[in-house]
Amino acid sequence: MNALAFLAGSGFAGRQSALNPAGPQAGRIEDLWWLMFWVCTAVFVLVMLFFIAGMVRGRRARKERGVEAPMSVEPGVERRMMRTIVAAVAATVITLFGLLVASVATGRSISPLRVPEDALTVKVIGHQWWWDFEYQHPEPYRIIRSPNELHIPVGQPVRILTTSADVIHSFWVPNLHGKLDLIPGRTADTWIQADRPGVYRGQCAEFCGHQHAHMGFLVIAEPPERFAAWWERQRQPAPEPATPLQQRGRQVFLSQACPLCHTIQGTDAGSRVGPDLTHLASRRTLAAGTLPNTRGHLGGWIADPQSTKPGNLMPPNPMKSEDLQALLAYLESLR
Amino acid sequence: MSPKSVVIQAEPETPEADLLDEVHHRLEGAWRPEKGFIGWLSEVRHTAIAKRFIVTAFIFFALGGIEALLMRIQLSRPENGLLSPDLYNQLFTMHGTTMMFLFAVPIMEAVGLYLVPLMIGTRELAFPRLINYSYWIYLIGGLLLYSGFFLSMAPDAGWFSYVPLSGPEYSPGKRVDVWAQMITFTEVSGLATSVTLIVTIFKQRAPGMSLNRMPLFVWTQLITSLMVVFAMPAVMVSSSLLAMDRLIDTHFFNPGEGGDAILWQHLFWFFGHPEVYIIFLPATGFVSAIIVPFTRRPIFGYNAIVLSLVATSFIGFGLWVHHMFATGLPQLGQSFFTAASIMIAIPSGVQIFCWIATLWGGRIRFRTPMLFVLGFIAIFVAGGLTGVMLAAVPLDLQVHDTFFVVAHFHYVLIGGAVFPLIGAVYFWFPKMTGRMMSERAGKWSFWLLFAGFNLTFFPMYQLGLQGMPRRVYTYLGESGWTDLNRLATLGGLVLTAGVVVFILNALWSLRHGAIAGDNPWDADTLEWETSSPPPSYGFLYLPTVHGRHPLWMPRENQPVVVGLQDNRREVLVTHTLDAEPDHRDIVAGPSIWPFVLALVTGFTFITVIFTPWALPWGIVLAIIPLVCWFWPRSDMGRVILKEKA
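Protein sequences, first through last, are from chains A and B. So the first sequence is numbered by our numbering: it starts at 1 and just counts up by one. So the second sequence is numbered by our numbering: it starts at 1 and just counts up by one.
Hints were generated in silico from the structure; no laboratory data involved. Remember, it's a predicted structure, so these values are computed and weren't measured experimentally. Treat the hints loosely; a few may be bogus.
[Unchecked claim] Derived coverage of chain B by chain A (criterion: at least 3 residues anywhere in the stretch with Cβ under 8 Å from a Cβ of chain A; other residues may be distant): (1) 81 to 92; (2) 293 to 306; (3) 339 to 346; (4) 381 to 392; (5) 399 to 405.
Backbone N, C-alpha and C fix where the C-beta goes; we use that ideal spot for every residue, glycine too.
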């Protein structure tokens with residue numbers, strides 16, 4: 001499977017990694033990481049030097065003085081060791097306090113309190129095993145849903161509200177920010193910001209059942225005007241089928257089990273159990289960041305979703321080949 | 001029973017062989033185990049029960065290790081089809097549950113059960129029948145979990161069983177119930193063991209062994225047991241509430257009905273974080289016990305180490321929220337828990353410094369037990385430092401629930417607890433079996449374990465930073481995690497080889513090891529005064545001590561305790577602080593009823609999964625063995641010896 005290889009051509013900004021920050025929070029956290037890394041490495045090396053020196057010294061002492069007569073210690077050495085240990089403990093306390101201050105300072109700089117009131121707000125709703133991104137707007141007709149694909153404008157803070165429809169999940173885009181859990185019955189908030197346009201991969205980080213491993217999503221950071229245009233397109237209902245084949249595909253969609261779970265705006269299908277398919281063809285991946293959105297994968301996914309994501313909640317949909325082809329033609333027109 | 005009947009006197013200058021033989025014969029009569037299968041089930045001697053605990057826990061360790069190896073093979077390449085997500089989720093749940101509840105905690109306590117009475121110079125634990133009960137309860141809990149596994153009923157919601165995933169709606173069936181009941185079993189067992197150890201340590205120390213002369217190993221057992229008493233009730237409450245949510249439709253954790261999903265996490269981690277110190281502190285006891293004879297000097301900074309242990313046990317209860325930084329708690333509260341989590345590095349650091357100072361001022365013999373101690377220091381320092389990193393909230397938000405955390409806690413739990421434990425087995429194997437383990441195979445096992453361990457877990461730090469979450473049964477090829485995962489799997493194979501060499505060494509040495517003698521390492525604490533393995537009654541005459549290293553002080557003129565009746569199971573009870581003799585007491589002898597009560601308890605806990613009525617019926621049923629257990633005996637446990645032929 002080449003789920004992500006194709007993304008390289010479409011501005012995929014490196015792999016998901018906490019050490020490749022693309023936004024201010026991930027950047028501040030990376031700074032803290034390197035501070036911690038170098039301080040802890042220095043402490044480790046220092047302790048190991050004393051440790052190894054202690055072993056060498058203890059080995060020499062055994063060779064020189066033998067192992068008879070336990071208990072004999074040299075009072076001078078004991079006093080020196082005591083002084084060294086007191087100094088080492090003092091140094092430990094000071095170092096730890098410094099790290100504590102650095103940690104709290106970093107925490108303040110990435111705090112959600114710093115987001116402006118009028119920032120773009122997206123509600124993230126976790127489902128077993130996919131993501132629903134609900135773009136908030138004071139005018140209800142401008143609210144949109146974008147499953148498994150989070151588009152954000154570059155250079156602007158975006159407020160993220162998290163909650164869950166079933167079990168606990170965790171929202172995590174390593175290149176942008178740390179995690180925030182999606183907890184049923186609660187709403188928590190954080191914010192993210194991308195400083196470079198690009199595609200960043202996120203993944204569920206709290207064990208949530210069978211397909212926890214395949215619960216990914218993409219964050220697509222694009223210039224504000226392109227983002228606005230995207231939002232405008234997503235508001236539109238699905239286009240009417242343009243060909244007889246697509247016409248038949250819509251019939252297949254509505255007559256099979258599909259509308260029991262999925263929505264296509266502009267049709268009678270309006271269920272919210274599974275992802276909204278109104279703009280399915282505009283998205284880059286299928287099955288929550290698992291498969292590239294190509295005709296072959298889409299066909300395979302519809303016919304037998306359990307082979308790609310065993311245990312997921314979508315049942316197999318056996319159908320005649322012509323029906324499947326028509327359905328695919330229709331779904332591919334949902335841009 | 002008056003204190004006057006206990007006399008401390010110098011041993012007769014030339015003890016007559018006949019007299020000693022007579023005393024030995026009478027003590028044997030009073031303390032020997034009963035015969036037959038019933039006698040085996042009724043066994044109460046701490047050495048016998050502890051050995052059962054240790055062997056059982058190592059079997060669970062092997063099972064947990066096999067589960068880990070299967071997971072490593074599954075992750076050795078992306079999109080691997082070897083294990084289904086269902087099986088993988090069961091495996092990682094079983095691995096965590098087994099290692100924490102059925103291996104780590106029981107084995108640390110089991111080593112304590114074996115050694116504490118010998119180290120403090122008494123004949124038996126305070127509540128021997130309770131220990132017998134504790135073992136059977138633990139065994140039944142473990143068997144329940146593994147029967148579930150082989151019936152495809154193994155829990156699959158993680159060893160932490162977060163609600164609502166583990167609740168009735170998202171985990172239908174009986175899998176999580178098996179988990180919750182297994183927790184109840186091991187908690188009952190853990191509490192019983194802890195209470196026994198606390199009372200034994202406080203009340204049965206040899207005359208002269210005031211608290212400040214107690215071996216550090218005994219200190220760690222005492223502090224750990226006290227931690228168990230305070231931590232375990234939290235998880236018992238949470239697992240009981242979960243069971244009630246699942247079985248009788250309560251809504252403690254159901255947000256839809258006003259319950260709270262976060263409540264579970266608070267309760268679980270209020271136990272779960274002290275739990276790691278419950279595992280780690282006894283391991284520091286092994287280290288302190290081993291390092292002394294192999295550096296040929298007293299430990300440096302005894303007082304500092306004891307105070308560190310106490311400090312760790314207190315601070316350990318104030319860190320649980322660092323498992324929950326990603327739940328979006330208020331920032332001020334998080335800062336408090338960051339500070340506490342960072343602070344606990346101080347007492348751990350003090351202990352490390354004291355051990356290094358002990359090496360520095362000692363004369364080191366690099367025998368196998370010592371190698372494991374040295375390996376422990378190197379690995380634990382690395383693991384502890386990554387713990388400091390995890391205490392920082394912002395950094396934790398990035399690496400929480402990734403392989404970084406997996407690497408961290410295996411560094412502190414394998415490096416911090418399993419290495420000292422294996423060192424302890426090499427160290428005390430001669431005392432328990434009378435034979436030495438092979439030194440050559442020991443060195444092989446150490447280097448295989450050391451190399452394999454680092455090869456397995458060091459790459460996981462990097463994997464976590466590169467964004468690989470925990471508890472995933474597979475990953476996409478494009479993620480770039482393949483090479484490091486392959487390396488970790490390779491390391492897992494080396495690690496397994498090390499464990500296999502260790503186990504084979506132990507089995508081979510049981511039969512063919514060199515005869516050990518009483519004190520093969522020329523160690524300093526009282527357990528080495530008895531023969532190897534110790535006789536059923538422990539000490540012929542209860543010893544007295546006048547220092548921290550009794551066997552390194554002149555023993556010829558050291559008084560012993562006489563005046564204990566030797567035809568029944570009598571122990572000397574001493575004062576808590578200064579261990580001055582107080583009175584004699586009879587400890588319970590063998591009885592079948594603890595085993596019967598364990599069966600009844602097991603029956604109740606297991607059937608309650610299927611019907612809540614099992615609980616009232618079980619309680620009624622339990623009255624019978626309880627009454628029989630505590631039925632007073634007219635002969636006060638006195639053994640009437642047969643005439644010598």
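Query - Hints violated by the structure (numbers, ascending) - result: No numbers; nothing is violated.
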